[in-house]
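**Q** Given chain L, work out where chains P, F and X should sit, using these hints.
Read off the chains here:
Protein chains: 4
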Amino acid sequence: MINLSGIYPPIVVPFTETGQIDAESFKFNLKKWMDQGLSGVIFPGSNSESPFLTQNEKIKLLKLSATYVKEAGKTLIAGTGMESTAETIKLTNTAAEIGADAALIIPPYFYKPEMKHNVLIEHYFRVADASKIPLLIYNVPVFSGIDFLPETVIKLSEHTNIIGMKDSSSNVIKTSMILAEKPKFLIFCGTVGSLLPFLSIGAVGGIMALANFAGKPLMELYTAFQKNDMILAKQLQNRLVSINTAVTSKYGIPGLKYAMNKSGYKGGFPRRPLLPLDQNGCNTIDDLLLLIR
Amino acid sequence: MINLSGIYPPIVVPFTETGQIDAESFKFNLKKWMDQGLSGVIFPGSNSESPFLTQNEKIKLLKLSATYVKEAGKTLIAGTGMESTAETIKLTNTAAEIGADAALIIPPYFYKPEMKHNVLIEHYFRVADASKIPLLIYNVPVFSGIDFLPETVIKLSEHTNIIGMKDSSSNVIKTSMILAEKPKFLIFCGTVGSLLPFLSIGAVGGIMALANFAGKPLMELYTAFQKNDMILAKQLQNRLVSINTAVTSKYGIPGLKYAMNKSGYKGGFPRRPLLPLDQNGCNTIDDLLLLIR
Amino acid sequence: MINLSGIYPPIVVPFTETGQIDAESFKFNLKKWMDQGLSGVIFPGSNSESPFLTQNEKIKLLKLSATYVKEAGKTLIAGTGMESTAETIKLTNTAAEIGADAALIIPPYFYKPEMKHNVLIEHYFRVADASKIPLLIYNVPVFSGIDFLPETVIKLSEHTNIIGMKDSSSNVIKTSMILAEKPKFLIFCGTVGSLLPFLSIGAVGGIMALANFAGKPLMELYTAFQKNDMILAKQLQNRLVSINTAVTSKYGIPGLKYAMNKSGYKGGFPRRPLLPLDQNGCNTIDDLLLLIR
Amino acid sequence: MINLSGIYPPIVVPFTETGQIDAESFKFNLKKWMDQGLSGVIFPGSNSESPFLTQNEKIKLLKLSATYVKEAGKTLIAGTGMESTAETIKLTNTAAEIGADAALIIPPYFYKPEMKHNVLIEHYFRVADASKIPLLIYNVPVFSGIDFLPETVIKLSEHTNIIGMKDSSSNVIKTSMILAEKPKFLIFCGTVGSLLPFLSIGAVGGIMALANFAGKPLMELYTAFQKNDMILAKQLQNRLVSINTAVTSKYGIPGLKYAMNKSGYKGGFPRRPLLPLDQNGCNTIDDLLLLIR
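Going down the list, the protein sequences come from chains L, P, F and X.
Note that the numbering used here has the first sequence beginning at 1, numbered continuously upward.
Note that the numbering used here has the second sequence beginning at 294, numbered continuously upward.
Note that the numbering used here has the third sequence beginning at 587, numbered continuously upward.
Note that the numbering used here has the fourth sequence beginning at 880, numbered continuously upward.
Mixed in with the good hints, there may be bad ones.
[Stated by the list, open to error] Straight-line Cα separation of at most 30 Å, DSS-like style, residue types lysine-lysine; simulated pairs:
#1 Lys509/P x Lys768/F
#2 Lys649/F x Lys995/X
#3 Lys367/P x Lys520/P
#4 Lys543/P x Lys649/F
#5 Lys543/P x Lys27/L
#6 Lys182/L x Lys1095/X
#7 Lys991/X x Lys1034/X
#8 Lys405/P x Lys1095/X
Calculated from the structure, these hints are not laboratory results.
This is chain L alone, in the form it adopts within the complex:
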């Protein structure tokens, strides 16, 4: 089976102030990420403002990503979940053709109350049957409003083309329940807030916003855990949580882009309706960045 272990950024798309894609900055960042010990990148993903991207924009940026990632011998995972089953299959196979190694599939989320166990099973199994690349489930209740039940994940994991899950819910209980039944299922922590706890119970890595600008301390933490240095791992984990909360739940993408701009990356502007970070937010993030230097 494909080895996907490790740390990945779900990468951002830098825009100009008027909302145009800034391709040069996008390339600048790609080059830099390839140089941090990370295992690859996710695009499009939850931090790519992908709901604001047209299909053409997604494909163009996927091609760019593939070029840089492949050249560096790294892994490209494409976020290809759409609302309809048919569109999900189509985009997944387009990404496969462009060079994606795996696809990360958010569930259809508009009709939340109807996304019951059997509807999700049918949807993912259809996509898995048709997809040319292996799939990861994407559990991100904060955005999708859908929180997979352990039994749904366990059932999905029985399809040979569904090999893992990115879980952004920090639910360690669910993760243990799944891994107790399916110890080889590849679970990726979806937020730095629970990275070490997830690793301690068997997660194989993380796909995390913070990796957009903090690859170095994250690789240090990941390596400490692999070397069984639990004291260092704990210190790094607890040190990283506050800045992570700020650039994810508190300030979101505008906060993440600002932190990138202050850390040697080119985050650029968000696209509307998102607005650039306000002054208070900037000050808070400035302070928090000092803690991880």
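**A** Frame of chain L; chains P, F and X shown alone:
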């Protein structure tokens, strides 16, 4: 100001078993709706499976809707909210050109935690500035995960091109708070479950799934209220609530389409990932339909 | 069957600054409430700080309440729900002996997840079997964390000694579902925020914090509804909602006591851990009180 | 400072079928717990059905607990949080006199929305000032409906008599945030579901329902972690999660008592309103117990 009072169905799109649009059934329904005393229709809307429609499909069906609605001298309201501000403006003005009288705008909902007061104000004001037709806000937390604060609605209502709101949250307290400040703001109840309570505190009508197949009892209830016949209104309201819960929160669009098929309309099949109603669901709805005959 | 229709305050207990019961102020208020057209009072209730009262204090104040209420020919409803079934029965019958006409029973709420349908049925049926006075269910999820399902209420309503419910959840849909099945079940609105909506679908009255100091406008609204004057009823409803939100969900008992102090009643101080209302809260309530004068 | 590290059961109270305290079974269990390598016991606690106990019953059982625990040279922690500040102080000092080494204080929880930061600070500081023994905060949102903010815990930790917290919320992010600021604050995991994750980020032990009958595998896990044997620790953690979910969130105290009865302890019956576990529940727990033998 445009008079929009009354009862509207947010109309469904009938698909064939393999997920193709069944345009003949769509037209059949449109003709029939024009004949029920309803004030018009909403398309696309929360029951149109619009997240599963391509832009081309939306535009084609909008044109069809406009033809039938205009001929009947009724009102067409188009659901044109998209994730980005720019795409929302574009689709709204396309709908206006096709003949929509007003637009119903769901907020961008993927990045829920970032949809704070000022982000929503900036988004809606930009759209309202650019739109050729008046706007209604669409508050539907069950799908969007976003529940407008009263102060956000009150602020939005100060823009002359934002004239009202469809609220599917059944929150009578919020409605009273808004109407206490802005008694002329046009509030439409978004679900039969709270129609009479909403009317009692000043709502001007309803945009409700049930109107897809139960226009007659809904018009009876609406008329009873207008004639101040509170006893009849109460009886009708309480009688309609159970079937409404079944075809909305319990069984969703598959339930609604089944109920339409049993009531002289052509609901057709849902598009995947949605699955046709199972046998238990069919039996439940059969029983509930008897109560409103 | 006992006629309980009408408007009731769930009365407050005035404390001195150091947390002693101020019996004189309690009597002053009782006398005044008897003079407002209200149907009676609830004690102890959600606004009595009853979790902070010892059993002896409850009994002493129940006796005081009974004296004043009986003299005035009004109704006394006692809040007698405790965590264990045995203690609930004991307190209910003590209240009956003191003179309570009915009991309002909050469900046991510490072990929320275990309060499933059959546990609630067994508990309430046991209490109803043993109680010398009829029972009202008390649904108040904001405090108890338990929200009765319609099917649980419908089942409970089949016991001849369970005659109604106070519902503070403003859930008009559930109320319609219950009244569709059991039109004679006595539903009391538990908050002014949804009083007119509840009356419009068949509630027989209200048990509401605001009645502690705003009996007059509440009786005006209630009477307007009974006379079918829906326009006046709507105006009063929408005018009362903001002050109600302030003295219930926003500022709670400290806010309610402050509003009483400013309205000719003697609210006194709350008992610790509750703290007196801060200056900002006082200013907000001062402004809101102007709106209902 | 007092050393409290380790694993503790929040002990159950066995009742007879008619709800009487079965003191012999209570003593039987106490003797057995003293023999499992555990650090002591918590009484009364979330699994003691303490809301169903009178004050006299609590004191009688506290004395019994103290006798056995002290004899064994172990630690007794008393759950002494009440709704009012005054009653909390009183019960805490009664427990201290009986021999409790520390007190575990649940916040007042009836008036949930009013339990804001400053109210909690004032309440806990008053109790801490008056208490003869050190305090642990008890964060258990599933029962109390109150979830402490990190900033509230950090502020409380500055009082020298508030030395730690039992957290049953499995929120690893909050734990990291607190320990990043206050690395010496004593955090106890409140549920086996997140024990290893909590230990990995700096918790010093666990106070967990499962320790009522599974002291042995829990001590094995705790010891494995202390020896840095992360592979064994992970295996034990993932193996214990399903049985833990069953005897806590799924079946609650009736499930826990049944599991004790099947594991050589004397769980007895629950007190009403709680009902004995039904047959389905018994079968599920029988199966799950096999996994941890």
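**Q** Now, for every hint given, state plainly whether the structure supports it.
**A** Hints versus structure:
| no. | hint | in the structure |
| --- | --- | --- |
| 1 | Lys509/P x Lys768/F | 25 Å, holds |
| 2 | Lys649/F x Lys995/X | 34 Å, violated |
| 3 | Lys367/P x Lys520/P | 23 Å, holds |
| 4 | Lys543/P x Lys649/F | 48 Å, violated |
| 5 | Lys543/P x Lys27/L | 48 Å, violated |
| 6 | Lys182/L x Lys1095/X | 25 Å, holds |
| 7 | Lys991/X x Lys1034/X | 20 Å, holds |
| 8 | Lys405/P x Lys1095/X | 45 Å, violated |
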